[in-house]
Structures are given as C-alpha cells and as structure tokens.
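Participant: Sequence:
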Amino acid sequence: MTARAIADAVLAIEARVLHLDWRVNGVDLWPLYRNEVRGRLSIALIGATSGSRFPHLSQFLDRREQRLPPSDESTVVLLNNGFSRQIVGGRAFDRLCTPLATELERSGQRTLLLDQGTPADSALAPRVRGVGARVRRAKLAGVLKARLGVDSWTVERCAALAAAYRAEGIDTAFLPTARDMYARQIAMFDLAMMYEGILREQRANLVLQVCFYSVAGYAMNLAAHRVGAPVLDIQHGVIDPTHTAYVDWAPTPAGRALLPDGVWTWSDAEAELVRRGLHLPASQVVAGGHPFVAAWQAGWLESASEARADAAAVRSARPDMIHALITLQPGLMTAAALGPLLEAMREAPDVFWWIRQHPVELADETSRALFDQTGAKFDLDLPSSLPLYAALEQVDIHLTHSSSTVAEAEAFGVPSLLWSDYGKELFSDAIERGWAVVVVDGGELARAIGSSDAARPLRVGTEAVDRLLRSLEALRSVVPYQEYRGSV
Numbered sequence: 501m502t503a504r505a506i507a508d509a510v511l512a513i514e515a516r517v518l519h520l521d522w523r524v525n526g527v528d529l530w531p532l533y534r535n536e537v538r539g540r541l542s543i544a545l546i547g548a549t550s551g552s553r554f555p556h557l558s559q560f561l562d563r564r565e566q567r568l569p570p571s572d573e574s575t576v577v578l579l580n581n582g583f584s585r586q587i588v589g590g591r592a593f594d595r596l597c598t599p600l601a602t603e604l605e606r607s608g609q610r611t612l613l614l615d616q617g618t619p620a621d622s623a624l625a626p627r628v629r630g631v632g633a634r635v636r637r638a639k640l641a642g643v644l645k646a647r648l649g650v651d652s653w654t655v656e657r658c659a660a661l662a663a664a665y666r667a668e669g670i671d672t673a674f675l676p677t678a679r680d681m682y683a684r685q686i687a688m689f690d691l692a693m694m695y696e697g698i699l700r701e702q703r704a705n706l707v708l709q710v711c712f713y714s715v716a717g718y719a720m721n722l723a724a725h726r727v728g729a730p731v732l733d734i735q736h737g738v739i740d741p742t743h744t745a746y747v748d749w750a751p752t753p754a755g756r757a758l759l760p761d762g763v764w765t766w767s768d769a770e771a772e773l774v775r776r777g778l779h780l781p782a783s784q785v786v787a788g789g790h791p792f793v794a795a796w797q798a799g800w801l802e803s804a805s806e807a808r809a810d811a812a813a814v815r816s817a818r819p820d821m822i823h824a825l826i827t828l829q830p831g832l833m834t835a836a837a838l839g840p841l842l843e844a845m846r847e848a849p850d851v852f853w854w855i856r857q858h859p860v861e862l863a864d865e866t867s868r869a870l871f872d873q874t875g876a877k878f879d880l881d882l883p884s885s886l887p888l889y890a891a892l893e894q895v896d897i898h899l900t901h902s903s904s905t906v907a908e909a910e911a912f913g914v915p916s917l918l919w920s921d922y923g924k925e926l927f928s929d930a931i932e933r934g935w936a937v938v939v940v941d942g943g944e945l946a947r948a949i950g951s952s953d954a955a956r957p958l959r960v961g962t963e964a965v966d967r968l969l970r971s972l973e974a975l976r977s978v979v980p981y982q983e984y985r986g987s988v
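Take the sequence shown: its letters are residues 501 to 988, numbered as in my numbering.
Please keep in mind that the hints were generated in silico from the structure rather than gathered at the bench. Cβ coordinates follow ideal geometry from the N, Cα and C atoms, glycine included. Do not rely on the hints blindly, as some may be mistaken.
[What the hints assert, rightly or not] List of simulated lysine to aspartate or glutamate pairs, EDC-like, C-alpha gap at most 20 Å: (1) K877 - D820; (2) K639 - D690; (3) K639 - D651; (4) K639 - E696; (5) K645 - D680; (6) K924 - E536; (7) K877 - E983; (8) K639 - E565; (9) K639 - D680; (10) K877 - E847; (11) K639 - D740; (12) K924 - D690; (13) K645 - D671; (14) K877 - D929; (15) K877 - D896; (16) K877 - D850.
[To be verified] Label pairs and their calculated CB-CB ranges: (17) P859 - G526: 33 to 39 Å; (18) A782 - I587: 46 to 52 Å; (19) D521 - G875: 56 to 62 Å; (20) R933 - D521: 42 to 48 Å; (21) E565 - A817: 41 to 47 Å; (22) R846 - A817: 49 to 55 Å.
Make the full structure from the sequences, and use the hints.
Facilitator: As structure tokens, then:
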C-alpha cells in the first residue's frame with residue numbers, strides 16, 4: 501500500500517463508523533481513534549518496528565514538576581513533545597518551542613514552556629515546568645486500569661472498527677485493541693484536567709503545542725478549549741496530502757474539541773494544505789517557518805560556536821572525501837529498512853558518513869553493528885550529539901528513508917537522496933524543486949552520491965528571521981474555534 505492508499509483506507513473506515521456516537525464525558529473521541537488507525541496502518545506500510553521501550557523508573561519523577569505560583573499576567577503556554585531537544589554548547593534547547601518562547605519574552609509577552617522531556621533531557625526556555633514524568637504516570641495508570649477491565653462502550657467501538665477493517669479488506673492485525681484505546685482515553689482525560697488547572701492558574705491567553713495528535717496533545721487541546729484559550733499546533737515534521745492528522749477532515753469535523761484552533765507551519769504550501777484540510781480561516785494558519793532555522797541563521801545561539809568548530813574539524817580532517825549526512829528514524833533501524841543505504845555504504849569508499857540517530861533511538865546500538873559490517877568510514881556519535889544545523893553546514897549531501905530533515909537540508913543548501921518510495925510520496929514538492937531525488941537501489945544510490953552537485957551554496961540572510969518575527973505578530977489574530985465556527 502502507498503501513503504495515499506493508507507489515507508484512503510483511513511477515510512473509508514471513517515465513513516463506515518462515523519455515524520456512531522463517539523462521545524465520552526461529552527467529548528467526541530473520534531480524532532483519537534482516527535489517528536490510532538492511521539498510525540497502525542502507517543507502521544504496516546513502511547515496515548517499521550514500534551521501537552518502544554518501558555521508561556526507566558527515574559523518568560516517572562521530576563523535580564521540575566513543582567507547582568508554579570498563579571500568574572498575574574497573561575501567559576502564552578507552550579507544550580513540547582519531549583523529543584525536539586537540541587544540545588548547543590552544553591545547553592539544551594527545544595528546537596521548536598525555545599526560539600518562540602525567547603522571542604515572545606523579548607516582545608514583553610510572558611511565556612511558560614511545559615516540557616515533556618525527561619529530567620536528564622530538560623529543555624531550556626525563559627520559564628519551564630516539567631510535565632513529562634506526569635504524562636508518563638498518567639499513561640501507566642491508564643494501562644493498569646485497562647488491565648482491570650474495559651468498558652462496554654470502548655469494546656463496542658473497537659468491534660465496529662474491526663468490522664470496518666474487514667469490509668475494506670484490511671488485516672485486523674493492525675487494529676488498535678479495546679484495551680489500548682481505553683488506556684489512552686483514561687490518560688487523556690486525566691492529563692486534560694491537569695493542563696486545565698495550569699492554564700487557568702497561568703492565565704493562558706494562547707497555547708502553542710508540538711504534535712497535537714498524541715495523548716498529551718489531545719489533552720492540551722481539550723484543556724485549552726475548556727478555558728477559552730486559542731491553541732495552535734506547531735509543525736514538527738513534513739505535512740503532505742496524505743497526512744490525515746491535518747487533511748481530509750469534514751467541514752465540521754467530529755471531535756472538534758480534540759483538534760487545534762490553528763497551525764504554525766514551516767511553509768506557505770503546507771499552510772494552504774492545512775487550511776483546506778482542517779477547514780480553517782486563513783488567519784488561523786500561520787506560515788511562520790521553522791523556528792530553529794531562524795534562530796540558527798540569525799546567530800541568536802551564541803553557544804553554537806563550539807558545535808560549529810567540532811563539525812568543521814570533522815570536515816577538515818577528511819578534505820578529499822564526500823561528506824554525507826544520514827538521518828535515521830524511529831522504528832526504521834532494521835537491516836530491511838536500511839537495505840539500500842547499507843549497500844551504498846559498501847560500494848562508496850570515498851564517502852565519509854555522518855550518521856545521526858533520532859533522539860528516541862540514541863540508546864539503541866543495534867544499528868552500529870549494521871554499519872560496522874559495511875566497512876565504511878563513519879561517525880555515529882558526534883553527528884548524533886551535534887546540532888543538526890552544524891552538520892548541515894559541513895556536509896555535501898543528505899540521505900534518509902523519509903525524515904523531515906529534507907526540508908531543513910534545503911534551507912541550508914544541501915540536496916537530499918531518499919531511498920524509499922514512502923519518502924517519494926512525502927517530499928513530492930522538494931523533488932519537483934530539484935532538492936530531493938529518490939533512489940531505491942543501493943548501487944544506484946552510491947553512484948548518485950558521487951555524481952551529486954555537492955557544492956551548493958549555504959542559504960543565509962534574514963528571510964527566516966523576518967518571517968518568524970512577522971508571524972509572532974500574526975498570532976495576535978488567532979482566536980478560539982468557538983469565535984469563528986460556534987460551539988466545540
């Protein structure tokens with residue numbers, strides 16, 4: 501199945517079950533179910549493993565959970581996803597939230613970052629409260645309660661989903677179980693109560709969050725709607741026409757209370773896609789660009805000089821080699837998923853490989869053994885710890901299965917090679933612009949590296965910064981859903 505076929509399957513399943521009442525405690529839960537269906541089918545499509553591991557016990561406690569005193573000022577509350585952390589000069593930043601919080605504070609707007617990272621991976625911002633441990637406890641409590649029994653409502657809805665799967669000829673092995681969904685529902689309502697309390701205490705006048713289509717994300721949307729604060733999703737990965745978290749919703753979608761009021765996107769094209777897909781007024785979609793690209797290119801991060809020097813040293817130590825950056829992804833660390841890349845590494849001796857693991861896979865050493873077997877010259881440690889942009893400033897070419905780094909590489913003048921048909925569907929615009937090429941054969945991939953136009957100029961200037969600052973002003977025009985469409 502292609503990505504488009506997956507999206508069509510999600511819509512076909514939706515058409516068969518949307519007549520049912522999906523409300524629990526007055527909240528329509530269909531978006532939670534829709535996204536779970538999408539996620540399970542997408543995993544089946546790309547052959548990914550779950551990659552999930554039970555958190556260490558230390559991740560269930562966090563001294564940063566301390567309750568902040570109520571605020572006398574209005575506050576923009578930001579919620580990250582816990583994975584977008586970047587170490588720069590020994591300091592941890594959230595690549596998406598920290599630049600926005602910092603610039604909002606400079607303009608006189610009080611902010612609060614709710615950080616889902618672990619205590620060891622905490623992200624810095626002008627004002628931070630750790631919520632990651634609380635989120636993990638809520639999810640664990642949901643799992644434990646679901647093991648004691650699942651209510652009949654959830655059982656009936658999952659049975660209806662199973663019937664829809666069978667009617668569409670889809671293997672029910674990729675069906676979310678009633679126990680899984682019940683656990684997610686419990687956790688979501690629990691977290692919504694917590695977030696609602698924080699938003700009220702901090703007098704939230706706007707909420708910006710990363711990855712709304714998660715248990716914690718849906719909870720924040722619900723909490724924001726309850727307190728009357730507009731909530732925007734901050735784009736964290738590529739948005740294409742098959743991404744059913746953002747597109748193909750009905751004009752008045754079921755489960756509006758779990759969806760954001762608007763979206764901050766990286767590009768005008770993605771803004772238009774989201775506006776049409778979620779049926780939002782133009783004022784509710786802000787094409788603000790990638791926050792960290794703006795912060796990096798503007799030189800806001802004074803601590804980046806050491807990272808830049810480390811990256812430059814890798815390049816200067818091998819001046820006669822082609823330098824290729826590989827961005828890996830969660831669940832795609834198997835020999836099968838990496839097949840074309842591993843073959844290319846064996847056949848391209850004149851390439852030095854900068855291998856960058858995804859933050860959620862940093863403790864996984866499985867891939868190192870696969871790369872060792874190729875006999876290629878590579879570094880897995882420094883590229884994984886360096887800021888992504890320090891690497892992009894030094895490499896000639898970028899390779900990935902389907903990472904959104906394709907968009908960021910283009911901003912730094914680095915072309916991308918994709919070794920999957922899935923990536924071809926996601927990055928059709930970049931392919932049309934000549935910034936990405938799909939090569940799924942390992943031998944051809946090796947030859948493509950050697951023949952690529954490696955000396956692309958670095959894109960510099962103030963465009964990304966100017967866009968971000970203009971867009972922060974545009975946030976003042978965003979309003980809650982109720983004000984432009986009616987009750988949630």
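Participant: Could you run down the list of hints and mark each one as holding or not?
Facilitator: So, going through the hints one by one against the coordinates:
1. K877 - D820: Judged against 20 Å, a Cα distance of about 13 Å means the pair holds.
2. K639 - D690: holds, 9 Å
3. K639 - D651: Status holds; Cα separation ~17 Å.
4. K639 - E696: holds, 18 Å
5. K645 - D680: holds, 11 Å
6. K924 - E536: Given that 20 Å is the threshold and the Cα spacing comes to 23 Å, the pair is violated.
7. K877 - E983: It is violated: about 58 Å lies between the C-alpha atoms, which goes past 20 Å.
8. K639 - E565: At roughly 17 Å apart (the allowed maximum being 20 Å), E565 and K639 satisfy the hint.
9. K639 - D680: holds, 10 Å
10. K877 - E847: It holds: about 12 Å lies between the C-alpha atoms, which stays within 20 Å.
11. K639 - D740: violated, 29 Å
12. K924 - D690: Not OK: K924 and D690 at ~39 Å, beyond 20 Å, violated.
13. K645 - D671: Since the Cα atoms of K645 and D671 sit roughly 28 Å apart, the hinted pair is violated (cutoff 20 Å).
14. K877 - D929: violated, 32 Å
15. K877 - D896: OK: K877 and D896 at ~16 Å, within 20 Å.
16. K877 - D850: holds, 9 Å
17. P859 - G526: 33 to 39 Å: 36 Å Cβ-Cβ, so the 33 to 39 Å window holds.
18. A782 - I587: 46 to 52 Å: With a Cβ separation near 37 Å, A782 and I587 fall outside 46 to 52 Å, so the hint is violated.
19. D521 - G875: 56 to 62 Å: holds, 60 Å
20. R933 - D521: 42 to 48 Å: holds, 46 Å
21. E565 - A817: 41 to 47 Å: Distance hint for E565, A817 holds at roughly 44 Å.
22. R846 - A817: 49 to 55 Å: violated, 23 Å
Hint compliance for this structure: hints 6, 7, 11, 12, 13, 14, 18, 22 are broken, all remaining hints hold.
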